[in-house]
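Residue numbers (this note's numbering), protein chains in the order written: chain X, 2 to 248; chain C, 2 to 359; chain Z, 133 to 426.
Worth double-checking, as some hints may not be accurate.
List of simulated lysine to aspartate or glutamate pairs, EDC-like, C-alpha gap at most 20 angstroms [unchecked claim]:
1. K398/Z x D315/C
2. K4/X x E29/X
3. K251/Z x D225/C
4. K223/Z x D225/C
5. K157/X x E29/X
6. K291/Z x E95/X
7. K224/Z x E227/C
8. K68/X x D351/Z
9. K157/X x E124/X
To be clear, the hints were calculated from the coordinates, so they are not data collected in a lab.
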Amino acid sequence: MLKLKNINTYYGQVHALKTVSMHLNKGEIVTLIGANGAGKTTILNTISGITPPRDGEILFEGEGIVKLPPDRIVRRGVSQVPEGRQVFKPLSVEDNLELGAYLRYRSREGRGEIRKDLEKVYELFPRLLERRKQMAGTLSGGEQQMLAIGRALMAKPRLLLLDEPSMGLAPLVVQEIFRVLEMLRHEHGTTILLVEQNAKAALKLADRGYVLETGKVILEEVASELLENKEVQRAYLGRDKKEIWER
Amino acid sequence: MAEGRMRGSAAPNNLYFPLTLTLSLREREFSRQYHLKRELLKFAIFTILVLLLPLAAKEGYILNVLVFVGIHSILAIALNLLLGYAGQISLGHAGFFGLGAYISGVLTATHGQNPWLAMCYAAGAVGILAFVIGFPILKLKGHYLAMATLGLGIIIYILFNETVDLTGGPSGLSGIPNLTLGTLTFDNDLKNYYLVWTFTLVAILLAVNLANSRIGRALRAIHDSETAARLMGINARFLKVQVFALSALLCSVAGSLYAHVMTFVAPASFGFNFSVELVTMVIIGGLGSIYGSVLGAAILTLLPELLRAFQDYDIIIYGLILILMTMFLPGGLVSMAPVFMSLLRGRRKQPGGAHAEA
Amino acid sequence: MEFAQQLLQYLVSGFSTGAIYALIGLGFAIIYNATGIINFAQGEFVMLGGMLTLFFLNVARFGMIPSIILAILVATLCGVVFNRLAIKPLKKPSPLNLVIITIGGSILMRGLAMLIWDKDTHAVPAFSGSEPLDLAGATILPQHLWIFGITILAIAGNKFFFYYTISGRAMRACSYNSRAASLVGIAVERMVLFSFLLSSALGAVAGIIVAPLTMTSYDVGVMLGLKGFCAAIIGGMSSGIGTVLGGIILGILEALGAGLISSGYKDAIAFIILLLILFVRPQGLFRKAETERV
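Next up, chain X with everything else stripped away, as it sits in the complex (with noise of 0.2 angstroms):
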């Protein structure tokens, strides 16, 4: 479904990333690990269109999508839920969510079509459903997540990229969310790519997962294997090495 071949990124004089190679597969959940600063974030905006690559190719389903700019990308199917939330804070819940939708409103989606999706949305996310009228800058930031979420799927994604969604949140309200991740592959058939801090929850829920060192692609494994391998365990998955000794 996306395929990345050799993907060189630069910020400025930055090789952030370095020669990257990845692929997702339809209706994958697929996650992202490394340290910070280890390109996660750069490989979604990469994708997104934002941080175009000096080269390599991004393929979405068959097409290049890499001279695109990040509208035509979202055209094509692909959302982002940027890092820290990024809400349109003056603007109400619904106006946000509404914006998710701004290219099916372009394209003279029926209405009905788009409120139906609304309501989904509300469903999967009561909390909003009450909150719709508020500036989306009063919300917390579970709430904030949640809104943002809600706003990338608006657009009717086929491929969600997800950064950092349980950042700063307390755990039951990650629960949800990964809860909410979980159902939309099940129930939409959602291709996802999620960059997290949290590998261990991450790891649970994904299929398959990479692992990022300084821009380089290290470790490409399925998640249950990363989940044991020793390696990860140590640098990522905060048990150190006593504590496997000790076992």
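Please arrange chains C and Z on chain X, whose structure you already have, making use of the hints.
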């Protein structure tokens, strides 16, 4: 911004690397000495050029135009200190120019004050005014600073028009005496030429010297990043205010000269358009280049004379110049000089090897 | 009694010029919010509105309404062309570059207007006669009513656009967070173009409705543009009610100043207010604290 940074770090290679006259050179490296010599040489050549130019310009009319090139050069250099070195725009500099001219004019024509004293009073008053107003105004940045200085210029312009008892209002103030030195009265174009250009040369020396001093380096630091400059212990705000005041003071002196050369002043010469013209001069010449400012002043003063037929339409050309320069040659005309020089040098030496320096 | 009438008279003229300033100020604010640019050429669209109307009326001999519509269309087109030719090609524009380039654009447009037409001041016929009406002792011209009416319509239309249409909300989203906007599929570039389109249209409308009262010439844009900017600054650069109030406050203060102090200093009032507000409350009179702009 990127350019500013380049200019900062590449200073020793810079074409207009400033001159230090004072003996208290902090760094005594050879390269500095070399550039000092180069700057001195440049200034000497320029001075000789200025001294000899009247011989070439037989016609009084051309000489008259050159007088104004001199006055405009002072103004452009003054604005360049602010715009090119500190990176702060002013769209109200014509107002300071006008204040100098009017204060000199009123003190001498109406009150019979000695012109040289009047010039000093004007410069002092305008400098202090700019200093005081500089504190709140330079707190603003970018577009807001542009608008605020513009507003200031317009308020001054309105004052010239409305204080009829003092300034004669829109019809202007006449009867301003010429400057005198002993028995010498500066009453023709040739004398005025040497008078004005003496001031211009002093202004060049001052500016070049300032730019090379610690203040100049601090200013460039502010231009690059104010936050970084602050962290380096530079009191950015105070420094900006000082430069603003100095710049206004220079404009005032130019204004006094203008008043005594013309013996007549009217508000129309000090409006918003002239402020924009000044900015254009600086941009054409190149931000941060002193000789570039002289070049810009010369071009913008000569251009309307050459385009006499278009008299009223020269503003179209200004507009085009501003847009095209910003889009295609943001470094100004002097930014072409190194390319030009290396081309020349390359031809003389070996083709291809010349680009190494650039 | 007489003083009260006079005061009412000042209010009438203050409100009408204030309405004009508000429209122009909205243009400033719309572009600023979408792009962070203060468009120094904003006033020229006001000039174009008046001059083009006159051109279509006198030279092309169209009726009033077609002339006005054509004038708005052509002025708007100029705004779009200006954005495409001068602003968009800039790769990494610094505020200084933008100030200079928009000033350059403004001078260019003014010069071209002078070249195409002339340097004279022209009268533009009022929309519906000039028989003054009496309002509690103060005279009010039909054109005043047109100004009030059209301004209210324009502001309401503006409000409707920004709050109730998807494109308007997309523009607001863009101004708050352009990266997130591009991630939901909003073409930011297009929104910038749209902001130029909208504000040049608003400017042209302002220029057209005020022309019958104040006459028009190639250089009316300078002052009107600056006053509009003052209005926007008073309103804290809001593309809504703040700027409208700012315009009206400015208009009334000017009318009072001209009437009670001296008409010569009328223009200075706006700039003194501008400086004071920039010095003391750069966030505008009505905004409590700077809302977060990412």
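Each hint tested on the structure:
no.: 1; hint: K398/Z x D315/C; result: violated, 30 angstroms
no.: 2; hint: K4/X x E29/X; result: holds, 13 angstroms
no.: 3; hint: K251/Z x D225/C; result: violated, 43 angstroms
no.: 4; hint: K223/Z x D225/C; result: holds, 18 angstroms
no.: 5; hint: K157/X x E29/X; result: holds, 16 angstroms
no.: 6; hint: K291/Z x E95/X; result: holds, 18 angstroms
no.: 7; hint: K224/Z x E227/C; result: holds, 19 angstroms
no.: 8; hint: K68/X x D351/Z; result: violated, 45 angstroms
no.: 9; hint: K157/X x E124/X; result: holds, 16 angstroms
In summary, the structure is inconsistent with hints 1, 3 and 8 from the numbered list given earlier, while agreeing with the others.
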